[in-house]
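Visitor: Chains as they are written, first to last, in my numbering: chain A, 1 to 331; chain B, 1001 to 1293; chain C, 2001 to 2326.
Hints are supplied without guarantee of correctness; some may be wrong.
Unchecked claim - Computed cross-link-like contacts, EDC-like style, restricted to lysine to aspartate or glutamate with a CA-CA straight-line distance of at most 20 Å: (1) K203/A to E2060/C; (2) K2083/C to E1187/B; (3) K1181/B to E2065/C; (4) K2247/C to E85/A; (5) K1024/B to E196/A; (6) K1025/B to D19/A; (7) K199/A to E2060/C.
Calculated from the structure, these hints are not laboratory results.
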Amino acid sequence: MSEKIVEIKDLYVDYETDDGIVHAVNGMNLSLEKGKSLGLVGETGAGKTTTALSIMRLIPDPPGVIKKGSIMVDGKDILSMSIKEIRALRGKYVSMIFQDPMTSLNPAITVGEQIAEVLREHDRKMSKSESMKRAEEMLRTVGIAEDRIHDYAHQFSGGMRQRVVIAIALACNPQLLIADEPTTALDVTIQAQILETMKELRKKFGTSLIMITHDLGIVAEICDEVSVVYGGRVVEHGTLEDVFNNTKHPYTEGLFNSLPNINNRTAMLRPIPGLMLDPTEDPPGCPFAPRCAYATSECEKSKPPLITFSDTHYVECHRYKEPDFKLQGRD
Amino acid sequence: MSTNSKPQVGKKRSRAAETWRRLKKNRNAMIGLSLIIIIIVVALAAPLFIDYETQVINQNIAERLQGPSLKHLFGTDNLGRDIFFRILYGARISLLIGAVSCLICCTTGVALGAIAGFFGGKVDDIIMRCFDILLAIPSTLMAIILVAAFGTSLFNIILAVGIPTLPQYVRIARASVLTIKQQEYVEAARAIGATNFQIIRTHILPNCLAPVLVQATLRVATVIADAAALAFLGLGIPEPTPEWGGMLSAGRAFLRDYPHTVLFPGLAIMITILALNLLGDGLRDALDPKLKK
Amino acid sequence: MADNILEVRGLKKYFNTPKGQLLAVDDVSFTVERGKTLGIVGESGCGKSTTGRAILRLIEPTAGEVLFEGRDITKISTAEMRKLRKEMQIVFQDPFSSVDPRMSVGGIIAEPIIINKIIKDKVAIEKRVAELMDIVGLAPRLINSYPHELDGGRRQRIGIARALALNPKFIICDEPVSALDVSIQAQILNLLKNLQKDMGLTYIFITHNLSVVNHFSDDIAVMYLGRVIEKAPAEELFENPIHPYTKALLSAIPTPDIAPKKERIILRGEISSPINLPNECRFAPRCNFTCDKCTKGIPPLVEFSPNHFVSCALMDEQSKTKRTVF
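Full structure from sequences and hints, please.
Guide: Right, dumping it as structure tokens:
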């Protein structure tokens, strides 16, 4: 039985704002085995980023409040640790990279220095020269020439900057890397390069990965498992095979149908009607019901139960209580 | 990846209503606003219950330099005039100077700044260099020079304290215009066939309003302070017109034994300027880029 | 004889920067048939947005001709151009910054009508605005709402309604869905497609997203560093990409399926700086198939097969035969 690197149970996170309480995360359950990679898929406002930030207690409080739930990283209870203990974990056990490399990098110090800083932060005994040597190694590992160690962030292009960010994130060889839309701002050919680099690094270091994205193509590229998030909860979870070839939840089906099919160019797209749930509302029933083509009156009245299809595949949906219920299938 | 897809949480409101809501929450700004309203009301109502000739101008040596009492709320000055009534009337003068000077200079400055920002190039250079020179001279000094040169009529004083504030309006308007010019909606306006004039009028000026409004509120305060300074130095509106700075100056000689002659005019100036600053700061916060999510 | 509503010939836009000349758009030519859609694809820095704006003279072209219904619009006066704007419109990428935040939905849509004095009567204007809102799928109650109260998808519909207000014949869609969530993207794309059918519109669809452009366009032009390096009907481009860049671009798209994929082409390095470009094939520094001809000047666009144009030195040699090295 492999160990879990991260396990989130029943997490609730609210943002208390002037205009009302935003229920960003509503009972999130997530778990990942060591060495594996999980794709966290959903649209804006689904609660993916909030969940990820919670893992390292990076949610600003106020206005964000973790109301309920537990988060375990490598067996350690994150929510009961002090900030000092959490800081020791950040960078060393869990690293996070974000969408915009320019705002993640310090424009005033060289990239080499930024990598070295992280190394020395977590190993006080390391000397400056040794940390710079290790920084050079990291640059080489992510595919940047070592002589660029004395360059500043603005001297790199978008793709290269993101590589630097990855180098910083992996410098201390963390067990878990959380990547929040790391390639969305990059051109598609550069994105291919970065994904390739990430795959190689994962193989080399055995890092577990949580990849947050709205792009199902990226998930297919780099992830072993998928959690589809809607309204602050996981509505479907499974292996790639489960979710891509055996889609169960209507929202997941809707996501696939919204994508232009590169193999069938003229078919009309079948978008999901309506809009994402307003996060200040807390409906009694399934959050997806108003937009769901398969919804019944029960769906609006009570929260959907967890239905398991296999060891790996589960869904939250009322309709699967009926033995014969099937989705219409994708194009 | 869209970060703007989520609809703004909350009820539907126009920008102005949103700003007012934010302003209401700021206690200091509300204090400032209330004080200003009181001062304005008092200033406007003064002639209704105070007879200018008898109560403000008329000297009554017999009652000179009396301390505050029920008959004379703030006491009397060295010529026996009731300080309380003089201060109420003085409010009219100060506010008049503040408002008119602000109005003239604000509109002129914003127009020039908008032209400089919108058209750029040589036009921009010429306008900006002129106002850079103005900026280099301290405002009070410039006011003194102008009044000394052109005399102390009310209109001259209004201009003298106003002109030093022009560069700020020009700069702010120009900076706003430069930023707004780059916005895609200005390009969109061009794409639907708008002329330069239509673009400036419909899109650029309204969006400049916010920082200009803040600046105007704060400038009224400095204008009132400068006008008081001028009066203090003897360059203000000639006696017997009651002006706060002049009253301050006249009371200087009696400071040791009759401090009330200085205290009340001083307080009046201080409270007005404080109120304007509180309101101006509150406006700035309420109009903050927080609004532009 | 095809009815070409738009013909672009040798379009150039150069910027003078302190570091040298920036060739944003360098000799771009294409035609667009009435009622059809031309997709222009490329990554950042390829000049596609600049091309779109230069066509509408929102940016003044440095050289070249743009013939709209046979008339060269680069040479006409600003006043005349303003009149022409009724026929050529644009939908912008960012639904947030392309509408004035101080104006209501109704005001934004009415503005082109008022400015161009199409309708003078207030009541009639309101009616037209309501009509337009209905066409793009905006609920009538939103007429007095402000853009910041609405989500990206609805804001983009405002932009589309504004573009339609003048009854144009031709619309440039500059990345109209890139800033939107996936499910909203699909709604907007369907809307644009239906409008084209109902109103006989011609589109130029600018994007970096290849799956979307494939779905939406009749013909596609691929741009790299200011030049068109391949142009073909959409289906042909995807089935038979010739240029090494096009091939790499197509192989880089992550597809949402888990079938075993063929080897992905990973390009070396990054896009070169567009300043002071040398006189050689723009793609040469990153291409895996260069020969010595590639650095001796820019290869012209050659018609490889009917309607399929490629700009590649290796194509030049054997223009009608498919090179086996590819």
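Visitor: The structure should be examined with respect to each hint, and the outcome stated for every one.
Guide: Checked hints:
Our distance criterion of 20 Å between C-alpha atoms is broken by K203/A and E2060/C, whose separation comes to about 51 Å. Taking the CA atoms of K2083/C and E1187/B, the gap is about 16 Å. The hint holds against a cut of 20 Å. Of the pairs offered as hints, the one joining K1181/B and E2065/C is violated, with about 27 Å between alpha carbons and a cut-off of 20 Å exceeded. Distance check on the hinted pair: K2247/C and E85/A sit about 50 Å apart at the alpha-carbon level, beyond 20 Å; violated.
The suggested pairing of K1024/B with E196/A is violated, with an alpha-carbon distance near 54 Å, which exceeds 20 Å. Distance hint between K1025/B and D19/A is fulfilled; the C-alpha atoms sit about 13 Å from each other, no more than 20 Å. Between K199/A and E2060/C, the direct Cα distance comes to roughly 45 Å. Violation of the 20 Å bound is thereby established for this hinted pair.
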